[in-house]
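Student: Read top to bottom, the protein sequences are chains W and R. In this text, residue positions in the first sequence follow this note's numbering: the first is 56, and each later residue adds one. In this text, residue positions in the second sequence follow this note's numbering: the first is 56, and each later residue adds one.
Just so you know, the hints here were simulated from the structure itself, not pulled from any lab data. Please note: incorrect hints may appear among the correct ones.
Remember, identical chains collapse to one label, so a pair may be satisfied in a single copy or spanning two.
[Stated by the list, open to error] Dumping the calculated DMTMM-like pairs for lysine to aspartate or glutamate here, alpha-carbon to alpha-carbon at most 20 angstroms:
no.: 1; residue 1: Lys449; residue 2: Glu464
no.: 2; residue 1: Lys229; residue 2: Glu244
no.: 3; residue 1: Lys702; residue 2: Asp737
no.: 4; residue 1: Lys229; residue 2: Glu665
Please read these numbers as outputs of a predicted model, since none were measured by experiment.
2 protein chains.
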Amino acid sequence: MAGKIGLNVTQICLPRECTEDEIIEEVLKLNEDPRVHGVYLHLPPASLTSRVLNTLRPEKDVDGVSDLNVGRLVRGDMNQGFIPPLANAVMELLARHGEQRKFVITLYVSEDHGMEMSGVGPLTAALRMQNVVQSSSRWAQGQQYRPWTLRSLKLQPLSPVPSDIEISRAQTPKPVDQLAQEIGLLQEETEAYGRTKAKVRLSLLDRLREQPDGKYVLVAGITPTPLGEGKSTVVIGLVQALSAHLKLNSFACLRQPSQGPTFGVKGQRGQISTHISMLEISMLINESFNLHLTGDIHAITAANNLVAAAIDARMLHEATQKDKALYSRLVPSVNGVRRFSPIQISRLRRLGISEIDPSALTPQEVSSFVRLDLDPAKVTWQRVVDTNDRFLRKITVGQASTEKGHVRETQFDIAVASEIMAILALADGLGDMKTRLGRMVVGSSRSGQPVTAEDLGVSGALAVLMKDAIKPTLMQTLEGSPVFVHAGPFANIAHGNSSVLADKLALKLVGEDGFVVTEAGFGADIGMEKFFNIKCRASGLRPNVVVLVATVRALKMHGGGPNVSAGSPLPREYIDESHHSLLQSLQLFPWFPLWLPSPWLLHRTDTQAEIDLVCQMAKESGASDAVPCHHWARGGRGSVELAQAVKQAGSQPSHFQFLYSQETPIVEKIRMIAQKVYGADDIELSPEAQAKIDYYNQQGYGKLPICMAKTHLSLSHLPEKKGAPTGFTLPIRDIRASIGAGFIYPLVGTMSTMPGLPTRPCFYDIDLDPVTEEITGLF
Amino acid sequence: MAGKIGLNVTQICLPRECTEDEIIEEVLKLNEDPRVHGVYLHLPPASLTSRVLNTLRPEKDVDGVSDLNVGRLVRGDMNQGFIPPLANAVMELLARHGEQRKFVITLYVSEDHGMEMSGVGPLTAALRMQNVVQSSSRWAQGQQYRPWTLRSLKLQPLSPVPSDIEISRAQTPKPVDQLAQEIGLLQEETEAYGRTKAKVRLSLLDRLREQPDGKYVLVAGITPTPLGEGKSTVVIGLVQALSAHLKLNSFACLRQPSQGPTFGVKGQRGQISTHISMLEISMLINESFNLHLTGDIHAITAANNLVAAAIDARMLHEATQKDKALYSRLVPSVNGVRRFSPIQISRLRRLGISEIDPSALTPQEVSSFVRLDLDPAKVTWQRVVDTNDRFLRKITVGQASTEKGHVRETQFDIAVASEIMAILALADGLGDMKTRLGRMVVGSSRSGQPVTAEDLGVSGALAVLMKDAIKPTLMQTLEGSPVFVHAGPFANIAHGNSSVLADKLALKLVGEDGFVVTEAGFGADIGMEKFFNIKCRASGLRPNVVVLVATVRALKMHGGGPNVSAGSPLPREYIDESHHSLLQSLQLFPWFPLWLPSPWLLHRTDTQAEIDLVCQMAKESGASDAVPCHHWARGGRGSVELAQAVKQAGSQPSHFQFLYSQETPIVEKIRMIAQKVYGADDIELSPEAQAKIDYYNQQGYGKLPICMAKTHLSLSHLPEKKGAPTGFTLPIRDIRASIGAGFIYPLVGTMSTMPGLPTRPCFYDIDLDPVTEEITGLF
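With the rest of the complex left out, here is chain W:
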């Protein structure tokens, strides 16, 4: 019988009474038959002996040793005619051998087939088998890439431009299961969260692993004003133009906004961090939008704080108990048996102890096992909340009498600053995330050894807490284009980019001719540099196009315009055309010729003269194109010119290369970034920074990439230096490391990781109508 997926599937039915030797003889024949490319052993468990399994050539074995289990499933489900395991095996064979027609043999013994098969003659059994193969083939076909059938939503552009929430209320989003179907997701690959959000399972990557990726587009920005320059809106506008107007499959990948700033200062986000704000998310359908989204940041908070609680509790218990008492509690006798847990065995291995019988450890081994010996002064792990709570910037904990005087100074960061957020954004699967969570360094021992989350025994629990957060959240733009919202790490102490997994899923889904548009936080000196050298290094992906967002406002500021700050009126230099001489005095940015062909665009129309001037300057400095954007007022239609420029740039070859190799020494990596990206003359290391570098080299962290923690308001370390300053030396005050996330972060200046609330926070205007459930004042 011929399947529809380029396969010929045949079965060989052996008699009931056949012996092991007869089966083996048959297998040996199949091993030698050049027409047979795969054998699926559909045998009763008793016949699946290790001799039989070992006889079949591994390259012909379509399902390996899991057959035992599969045998059972096939038997149970035969009447239903739907056998994923067999179909999977067939898919596996196709993947291994390419797409020519293949022969698969199902070796089949008619004996002992349980309830369903007992009393069934060979003919019936053969017919059933045929059904199984046919439906497997249908099923396998269903697993293949599905072309999109995206239905765009019409936007009614209004003039004057209404507030974001009014725009999004005027639209009715498609149900998310419909959206999922339109973009070729299988039903079992999504998990709805309400009506317009769904998490997408990572099994998609496996199903479409043979599918070529789409084009990968990065949206970065020039050094911004403190108001931010709207990169996220460009991402959305571009995707809407590509999908709704150019009819190309396309996907936006955005970061999840932090809750904290939502209730803080309007337009403040530029100052305090780097994640996108509710304002930008409002460009998505937000009728259903709730502040918790699908709970990923809450999961990070829970995981982060479990580590923190474990650290302090462990220090207390070590300080108040002798080795023996600690050991008997850590490895208790359960029903008379003492046993190490798998997490504890990992720790034993790191300590070089191969013994796994708890009673056989020497007192010295017991001591090194039970004592993490964390130095309270060298704990680097902080607690987090997703609230702008300035009073938690520096606190003393442990002051209750139950903590017996073990007080300690520490701090809370905002949740998105957690290393776990950086890990979520960089992990490329559940296994990778779990490994990274386990190796997070939370501090060091009194003898200077790093102490990890796994040493605390908490790594499994962290993986459990994060198991749903790792799935990207599918939403849609106002014009019905798909969006992944996933992860949102800080762009100074972390890398400030959305997740690797969202990008990877999207690249598979859009297909070879499609586009995935992702965004890097802060200015290109920070977000784009980290996108290239940290995120792309981790993911193995390479960008095809970079879009650099500039506004006339920001360009004027770099040309010498006055300061801009959130909450104050915009100085007239930015409104009045007569000041466009500011643009002419602009110096060009040093990072520009470094990498790829890049369209350079601007948005928020000022005057035609200004726009023409900026476009001309951009092209002269090497951009492959420069176009104005009007998505703010006109949605996707306002970005069609940009979409065409991106499509054009995407068809050109990209010559991507890393700025530095992993093997380059830490100091050299920092220097290369400072000189080639920031335009510094050199760097200057403090003694602390030098000592840390020595320590990291000694610990084997020297090959990690560098994640600069620098102000985003200047290419230099001085926020007031605008344009492209030269003649400065970049001071490296100190250096830290996020070993789980996998980077080292030099501190250039002081980074605030906890924003505060102003005298009149936004929440004064936020309200909920209890009858209509309408939210007011969020934007």
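Chain W is fixed; fit chain R onto it per the hints.
Tutor: Positioned in the frame of chain W, the structure of chain R alone reads:
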């Protein structure tokens, strides 16, 4: 045309050119026609003059003044033949007049019906109108109560009893949308969260408001051992027996477990709080169970901590700014206009300022408006985390230089101890929750005035953060019976019961002959007493049956058995039958004759002799029945005897009455609880407690119910006093108030609101297989 819902609907079509007078004449005729029970004015807006509207008798007006709006909708949707507003109006009429056949007249003018109707002849228009009425009737029918079609899942009872997670893995849950359909939920009433959880919208209460409630069953327990006695498993077993075996509609309402203890000590929950644990939730289908459930506790954490951040930031801003500066920041000029926000106007009202022009306030009014003047020493609001983090029991905040020396001692509680959790559990709608959130008292001013969340301007934001948490989460038991998991307040500083809304939704869904089984935390002296006097008072619901759970283990302990503690082996007195003399020395519990007919049951079979003895004692002391339960080993089938007893008890009249009236003075209320429920001789108030009572009386809080914060391990205040102690005086150390939740809580002893982690927390055993995503070690 006759609708199918007991209505005759007729329309009168007036000519295009009819005048206002002609319409009024027609309305007057309808007013007088005794066959006409309702009139729906389907008129163009221009004809809906106030004269016309005032002419129609209010009792005949099926849709009141909202017709203007409805008129528009009807026109727009006519071609779709689906008109909820008209159908709603019809339903309204039915509800108002009972169920006999009614005449409804649609008074209809053919003029000015917009695009859809222009150029349409009277016949077409009439036909369309007929369609509208017919589909409205179908729609209205769809809105009515739907009988259940619940499909139970077969349980394969295993012996020996496997671990909970193994049981639940062996089952395949029904998709939650199928479950929702089986229990008569409309598609638009659920919001799926993954495949086996869904939030249920509160609009259900409105749709089924005419539907009689089912029977309301409370499961409470005797004073437990520190291990807990498994009330939640009784709830689940009972519901499974009722629905899967007795084929009665039934619903379980459970509390959401806190994450903290999940990673702490197995069996510790009894010690540290009162919420159910993962162990109990594991009795539900938990293949899909994730620790975050649908994020309600995270929402509470976010809301709680926003209040905390607002408090400290406000104190800092008031301390560092003069009145004028504060005022100009709190009421800024936006485009030259200064305006109070609605939240600020509420505060002005509370201050007795009627002026709403910001420029017209006197300096004194400005000062009282801008200065909450919170006394740092009298801030009662705490931050929360959902982690067992003992080092946060007492901390100092504000030590960073940016906070300018405004340090303050404070603490974190575990998230479920937040007043917001208590509010979630008591609120009966979005509006009620918002009101309660606004009136939460966070501390008092230097002059002794209470300061509320609304004074801080944060109440709208809190409602926004909590808008999804208010919807109960629908899940299912292992046998496919429906369960609501919703809210889980502390049972000492709060009332320890699941949510009013979950109970109300469930009571509507099960229908008149169905059963809703809900659970009260801790022993009956605490959970049941608060269920009656706090929860039932707030909800207006009255229980029909109370099930009191007892175990031989706990009874023996009260009869003089040795101490039981989590993590230690059980003393042989509890295993060995020869000690059942302990049962005979048992004293009966004083609360027993207080209230309703109650089956008394026991579970975890010990010996037949013990069981017989306990059942006999229970009946002698007034229980309407007493039966053993075997749900632990046999699922619903093991609780059939209990289900029959509950069904029998539910058919008897209930004589419910509150223990005290709201008007009773605070001291008297406390004394009544102490004497009648705990068996105390009297109470003894500390001077602090007396001062607080005076203060609360002065603030008008005297009518609030009482929520005792007492140990759950004894009826008295001394955990070691077992059985039914007498001859003691209950000391009231201090008194606090949760004004938002709406109760006063006297403190009897010290209540821990933050559990800790032991030397070897459970998390050592918790792990996630990254390939299968299977969780191990949670139970």
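Student: From the Cα coordinates, with 20 angstroms as the cut-off, is the pair Lys229 and Glu665 best called within, between, both, or neither?
Tutor: neither (39 angstroms within a copy, 62 angstroms between copies)
Student: For the identical chains here, do Lys702 and Asp737 meet the 20 angstroms Cα criterion within one copy, between copies, both, or neither?
Tutor: For Lys702 and Asp737, the Cα distance exceeds 20 angstroms both inside one copy (39 angstroms) and across copies (83 angstroms).
Student: My question is about Lys229 and Glu244: at a cut-off of 20 angstroms on alpha-carbon distance, are they close within one copy, between copies, both, or neither?
Tutor: both (18 angstroms within a copy, 17 angstroms between copies)
Student: Evaluate Lys449 and Glu464 at a C-alpha cut-off of 20 angstroms and name the case that applies: within, between, both or neither.
Tutor: both (7 angstroms within a copy, 13 angstroms between copies)
When held up to the earlier numbered hints, the structure conflicts with 3, 4 and fits the remainder.
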